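Trainee: Chain residues, written in single-letter form:
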Amino acid sequence: MSSSSGPAAAAAAAAADSHRKKRRKIEADDAEETSRGRKTAGAGVGETTWRSLPQQRLYYTRLVEALSRSRRSSSASSAEAQDAAAASASASASSPPSSGAGEVRGIADRVLATAAKGRSRWSRAILANRLRMSRLGKHHKKARAPTGRGRLKKKPPPQPALEGGARKRRLPAVERRVKVLGRLVPGCRGISMSSVLEETSDYIAALEMQVRAMTVLTQLLSGAQQQLPPTTTTTTSGGQIGSGSGSGSG
Amino acid sequence: MSSRRSRSRQSEGGSRISDDQIADLVSKLQRLIPEIRNRRSDKVSASKVLQETCNYIRSLHREVDDLSERLSELLADSDSEQAAIIRSLLM
Chain A
1 MSSSSGPAAA
11 AAAAAADSHR
21 KKRRKIEADD
31 AEETSRGRKT
41 AGAGVGETTW
51 RSLPQQRLYY
61 TRLVEALSRS
71 RRSSSASSAE
81 AQDAAAASAS
91 ASASSPPSSG
101 AGEVRGIADR
111 VLATAAKGRS
121 RWSRAILANR
131 LRMSRLGKHH
141 KKARAPTGRG
151 RLKKKPPPQP
161 ALEGGARKRR
171 LPAVERRVKV
181 LGRLVPGCRG
191 ISMSSVLEET
201 SDYIAALEMQ
211 VRAMTVLTQL
221 LSGAQQQLPP
231 TTTTTTSGGQ
241 IGSGSGSGSG
Chain B
1 MSSRRSRSRQ
11 SEGGSRISDD
21 QIADLVSKLQ
31 RLIPEIRNRR
41 SDKVSASKVL
51 QETCNYIRSL
61 HREVDDLSER
71 LSELLADSDS
81 EQAAIIRSLL
91 M
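Each protein sequence line maps, in turn, to chains A and B. Here full-length UniProt numbering is used: the first residue of the first sequence is 1, the next is one more, and so on. Here full-length UniProt numbering is used: the first residue of the second sequence is 1, the next is one more, and so on.
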């Protein structure tokens with residue numbers, strides 16, 4: 001139990017240290033932005049970046065990678081489940097897809113949030129929520145779903161009388177709508193109105209990019225399905241498309 | 001007016017955010033919402049812009065959900081062969 005200062009321990013400590021430093025730097029940046037009142041730095045990556053082609057290609061590539069990774073691991077885990085003949089504890093580390101669409105959505109959101117590089121509140125909230133949900137385990141899968149609390153429509157406290165008549169509160173209509181907006185954008189409840197609006201414009205641009213990328217991917221996949229003949233489970237090694245195997249010519 | 005602005009920036013989350021700042025951000029949003037952008041009218045109230053923004057975000061969410069569903073179907077249908085082909089095309 002002596003504090004081993006071996007090279008391995010040192011390397012591990014250094015790695016952990018750099019992780020901590022990175023996290024601290026991100027937190028420091030965040031704190032800095034908060035102190036500056038989030039003029040424009042808080043807006044995150046800036047909407048224009050989401051529309052750039054390199055950014056879109058990057059997201060697209062990462063999305064495809066993540067999707068194929070999840071499919072590989074899910075098929076592996078399902079194979080394991082078949083081998084184990086059910087009832088055995090799920091030893092597979094990867095989470096088997098309970099609902100395919102939900103999983104795809106989760107992956108798409110995660111990759112999108114990662115692309116923001118932690119510079120926007122909504123992206124951090126998405127990643128934090130996923131972390132929380134994975135920690136809670138599959139039983140509480142929907143425990144902290146972001147839309148859960150939105151159902152509770154608490155009546156806003158009735159607008160108090162004008163304080164001394166000096167400063168009216170913001171127009172209730174605008175304030176109300178900004179609050180609604182804050183519930184739609186992840187991680188934007190209970191923050192200042194200007195922050196909500198900043199996060200919103202960034203979030204919208206990111207969502208549009210997400211839609212574009214997923215649309216392209218969907219078209220690609222559905223197009224591929226139409227062109228390629230439906231693959232059966234027979235092995236296709238050496239078999240040619242459209243021609244029987246082994247039939248001699250003429 | 002500039003003093004009001006600086007004061008409003010310091011008070012995070014307070015109700016002293018300047019009108020101009022809000023109007024600025026709202027007009028920025030206005031340009032992003034296709035509904036309003038296509039109407040070409042500058043006289044859209046802030047409340048309307050925000051309402052359309054909420055609707056737009058909801059519709060984007062729905063679209064992502066639909067696409068996710070289609071994608072999950074396509075990925076489940078397509079065999080590993082097709083997925084491998086596509087992967088090799090893309091990377």
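Note that these hints are calculated values from the structure, not bench results. Each hint should be verified, as a subset may be incorrect.
[To be verified] In silico SDA-like pairs for lysine to any residue, Cα to Cα no more than 25 Å straight-line:
| hint | chain 1 | residue 1 | chain 2 | residue 2 |
| --- | --- | --- | --- | --- |
| 1 | A | Lys179 | B | Glu69 |
| 2 | B | Lys28 | A | Arg176 |
| 3 | B | Lys48 | A | Leu53 |
| 4 | B | Lys48 | B | Glu73 |
| 5 | A | Lys179 | B | Ala76 |
| 6 | B | Lys48 | A | Lys117 |
| 7 | B | Lys28 | A | Glu208 |
| 8 | A | Lys179 | B | Leu74 |
| 9 | B | Lys28 | A | Thr49 |
| 10 | B | Lys28 | A | Gly190 |
| 11 | A | Lys179 | B | Glu73 |
| 12 | B | Lys28 | A | Ala125 |
| 13 | A | Lys179 | B | Arg70 |
| 14 | B | Lys28 | A | Leu53 |
| 15 | B | Lys28 | A | Val180 |
| 16 | B | Lys28 | A | Glu175 |
| 17 | A | Lys117 | B | Ala23 |
[Stated by the list, open to error] Covered, in the sense of this in silico footprint (three residues per stretch, anywhere, with C-beta under 8 Å from a C-beta of chain B), are these stretches of chain A:
| hint | region |
| --- | --- |
| 18 | 128–134 |
| 19 | 177–188 |
| 20 | 207–220 |
Here the structure is a predicted model, which is why all the values come from computation and not from measurement. Virtual Cβ for every residue (Gly too), placed ideally from N, Cα, C.
Trainee: Confirm or reject each hint.
Mentor: Results for each hint:
1. Between A/Lys179 and B/Glu69 the CA atoms are separated by roughly 29 Å; this puts the pair beyond 25 Å, and the hint is violated.
2. In summary, the hint linking B/Lys28 to A/Arg176 is supported, as the alpha carbons are separated by about 19 Å, within the 25 Å threshold.
3. Note on B/Lys48 and A/Leu53: the hinted pairing is violated, with a Cα-Cα distance of about 31 Å set against a maximum of 25 Å.
4. Straight-line distance between C-alpha atoms of B/Lys48 and B/Glu73 comes to about 37 Å, which puts the hinted pair past the 25 Å bound.
5. Taking the CA atoms of A/Lys179 and B/Ala76, the gap is near 39 Å; set against the 25 Å cutoff, the hint is violated.
6. Using a Cα cut-off of 25 Å, the hinted pair B/Lys48 and A/Lys117 is violated, with the two alpha carbons roughly 32 Å apart.
7. At most 25 Å may separate the alpha-carbon atoms for a hinted pair to count; B/Lys28 and A/Glu208 meet this at roughly 16 Å.
8. For the hint linking A/Lys179 to B/Leu74, the alpha-carbon distance of about 37 Å lies beyond 25 Å, and the restraint is violated.
9. Between B/Lys28 and A/Thr49 the alpha-carbon distance is near 16 Å, which keeps this suggested pair within the 25 Å criterion.
10. The straight-line distance between the Cα atoms of B/Lys28 and A/Gly190 is roughly 21 Å, inside the 25 Å bound, and the hint therefore holds.
11. Of the pairs offered as hints, the one joining A/Lys179 and B/Glu73 is violated, with about 36 Å between alpha carbons and a cut-off of 25 Å exceeded.
12. Distance hint between B/Lys28 and A/Ala125 is fulfilled; the C-alpha atoms sit about 23 Å from each other, no more than 25 Å.
13. A hinted pair counts as satisfied when its Cα atoms are at most 25 Å apart, and A/Lys179 with B/Arg70 does not qualify at roughly 32 Å.
14. Between the alpha carbons of B/Lys28 and A/Leu53 the distance comes to roughly 22 Å, so the proposed pair stays at or under 25 Å and holds.
15. Proposed proximity of B/Lys28 and A/Val180 is supported: the alpha carbons are some 18 Å apart, at most 25 Å.
16. For the hint pairing B/Lys28 with A/Glu175, the CA-to-CA distance comes to about 17 Å; that is within 25 Å, so the pair holds.
17. In summary, the hint linking A/Lys117 to B/Ala23 is not supported, as the alpha carbons are separated by about 28 Å, beyond the 25 Å threshold.
18. Proximity of the region 128–134 of chain A to chain B, defined as three or more residues with a beta carbon under 8 Å from a beta carbon of that chain, is not established by the 0 residues found.
19. With 6 residues having a beta carbon nearer than 8 Å to a beta carbon of chain B, the region 177–188 of chain A meets the requirement of three or more and the stated coverage holds.
20. Restraint check on the region 207–220 of chain A versus chain B: 9 residues with Cβ-Cβ distances below 8 Å, three needed, restraint holds.
Violated hints, in rising order: 1, 3, 4, 5, 6, 8, 11, 13, 17 and 18; the structure is consistent with all others.
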